[in-house]
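Protein sequences, first through last, are from chains A and B. The opening position of the first sequence corresponds to residue 1 in the working numbering, with each subsequent residue numbered one higher. The opening position of the second sequence corresponds to residue 1 in the working numbering, with each subsequent residue numbered one higher.
Think of the hints as simulated: they come from the structure by calculation, not from any bench. Among the hints, a few may not be true.
[Claimed, not checked] Restricting the straight-line Cα-Cα distance to at most 16 Å, the calculated cross-link-like pairs of lysine to aspartate or glutamate (EDC-like) are: (1) A:K312 to B:D57; (2) A:K408 to B:E50; (3) B:K31 to A:E42; (4) A:K3 to A:E308; (5) B:K167 to A:E308; (6) A:K449 to A:D360; (7) B:K66 to B:E146; (8) A:K164 to A:E46; (9) A:K311 to A:E321; (10) A:K53 to A:E91; (11) B:K68 to B:E50; (12) A:K266 to A:E91; (13) A:K190 to A:E308; (14) B:K35 to A:E46; (15) B:K186 to A:E321; (16) B:K31 to A:E77; (17) B:K31 to A:D406; (18) B:K195 to A:D274; (19) A:K328 to A:E413; (20) B:K66 to B:D137; (21) A:K164 to A:D23; (22) B:K184 to A:E413; (23) B:K35 to A:E42; (24) B:K195 to A:E254; (25) B:K31 to A:D23; (26) B:K195 to A:D23.
[As the list claims (entries may be wrong)] Taking beta-carbon pairs under 7 Å as the criterion, some of the chain A residues facing chain B (in silico): (27) G21; (28) Y104; (29) A154; (30) S189; (31) A193; (32) S194; (33) F248.
As the structure is a prediction and not an experimental result, all values here were calculated from the model. Glycine residues also receive a C-beta, built at the ideal position from the N, C-alpha and C atoms.
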Amino acid sequence: MSKTLFDKIWEKHVVESVENGPDVLFIDKHLIHEVTSPQAFEGLKERGIGVFKPENTVATPDHNVPTIDQHLPIRDELSRLQVKKLTENCENYGIKLYGLNHPYQGIVHIIGPELGITKPGMTMVCGDSHTATHGAFGTIAFGIGTSEVEMVLATQCLLQYKPKRMRINVEGELKKGVRSKDIILYIISKLTASGGTGYFVEYAGSAIRNLSMEARMTICNMSIEMGARGGLIAPDQTTFDYIEGREFAPKGKEFEEAVAYWKTLKTDDDAVFDVEFTYQASDIDPMITYGTNPGMGMSIDSIIPENEPNKKALHYMGLSEGDKLLGKQVNYVFIGSCTNARIEDLREVASIVKGKKKADNVNAFIVPGSKQVEKQAIAEGLDEIFKEAGFQLRQPGCSACLAMNDDKIPKGEYCVSTSNRNFEGRQGPGSRTFLASPATAAVTALKGKISDIRVFI
Amino acid sequence: MEKFVTLESTAVPINVEDIDTDQIIPARFLKATNKSGFGENLFRDWRYDENGKPKPDFPLNNDTFKGKILVAGKNFGCGSSREHAAWSITDYGFKCVVSSFFADIFKNNALNNGLLPVQVSDSFLTQLFKAITENPDIKINVNLLEQTISVPSLNLSESFDINNYKKHCLINGLDDIDFLLSIKTKIQQYTEAVKTY
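Construct the complete structure from the given sequences, taking the supplied hints into account.
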């Protein structure tokens, strides 16, 4: 019978099926960080059991780390304790840790791909909903809760019901100034913040196929923002070229063998999805959100819909139906997060701000996704470009995406952010977030008001 | 894990859709390394103003509403995977959340903590909000064995879905790890038989 890519990977990982119940799904790679793992290790201790396959788990602190002076002890006592706990747990159970001053430290979903840990055909989980990022490699990757982190540590398996299958095709050429972030914000605006709940998505079509790996990761990353468990893209030559030569990628003959297997990882021509949507790339403009969930998005030059049912969201945002966002003053611009803090994102921002200055009213900061991204940015001289343009280049971490550390947007202030969530208070109590692409964020920082990249380039 | 079989209680209504996990428990309160105490900060920024003063309009601050059932709008628990959301709800004292739609990860997290997510139809949810608002002392019955939720005084009743495995776990207070540990030999055999790259 014809199968989808998702089915092929899933079935390969089923250890057994519980009668009238879930599947026991084997997990190839487990990523952990300081915020959602301590209680899982506590659970193991209470049960008096160890970690079943410590070599299948990789750890790094990211959610709660400062983005300045990372060589100094963390000032916030609770954050310091949480990071210390992660270090202790990794030492006690023999888990590989890329700690705060390790050259491989970074946002967990940035370091997996860049180190060659993420590979096609795998099952991957992490106590973080943006684990879907890794789906860009043709991987079943999804976020889990802490009880499930404990299950994976204890048995390398999860009990899971198979989600339904959805395919989203984006066909044709993207218009000038439209980026992968715009594609996914467009899709979520069409399907709503809950439209993908219960599904695992495959992204396909010529517009997706033409994207770089970095851009594909941005798409898969935000699958959860429409409620989907995850999203994946079939691996192809772009994928194999990205993986080749990375630290933990297979080498030599093993790489060739791996590629031969990875090439089999695609949906059969006549496989059936539970639901399928097709969009034309030419219909997509640069996007921006105006509300308090990622589904409340629109073309950047549109006006807020006259019939927007979510009055509470507009009230929180200090906006009204019929308002346009272009030209609205914005005092904060955040470029970072697992959605858009890869080297390609930083290069794009640099190409836009090079030789220019940010507007006086704007606080613009860039938080690279990892130490490797930071190092690469410095090697390419991007740090100098940012400095001359008045942008701060910070040190790696999740930062103002969720504002667990000191990187907070003040109450009432607007922020154009390249992150993934515009929930009330997400970037700090009372903060108001407009989600957009790095290009839109960069041009907004230069103008001091929400601006259209198409007018600029 | 605590067992769940039946529950009779009054309810607290929060008639808002798309309640995300950042509203249930904001990220800045996720710094603890144990599971207890999160109830204090449940719905923190809706419940308290910036000076820590309770906002009188919020249902959790309104003494009229109390009970072990939280009734909330559609798409409850969307957003992050933080299990702290489920812990904060149970730590506050709720045993059951009723909504017309739940986000996937939240639903799993709730079930793994003995918190029953009851998904009802939009029309039943509307009736439930009306019933609670008109009479905050009204009793709601949740019966997991029969998979029903009812308001006996109004003759309102609806059945709800739950998968057999999770139902069995909740009724018997079992969790997934107990089961997975029992098949560890089989898992080991799987790892030896299947090649991964």
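Which earlier hints can't be squared with this structure? 4, 5, 7, 8, 11, 12, 15, 18, 22, 25, 26, 28, 30, 33
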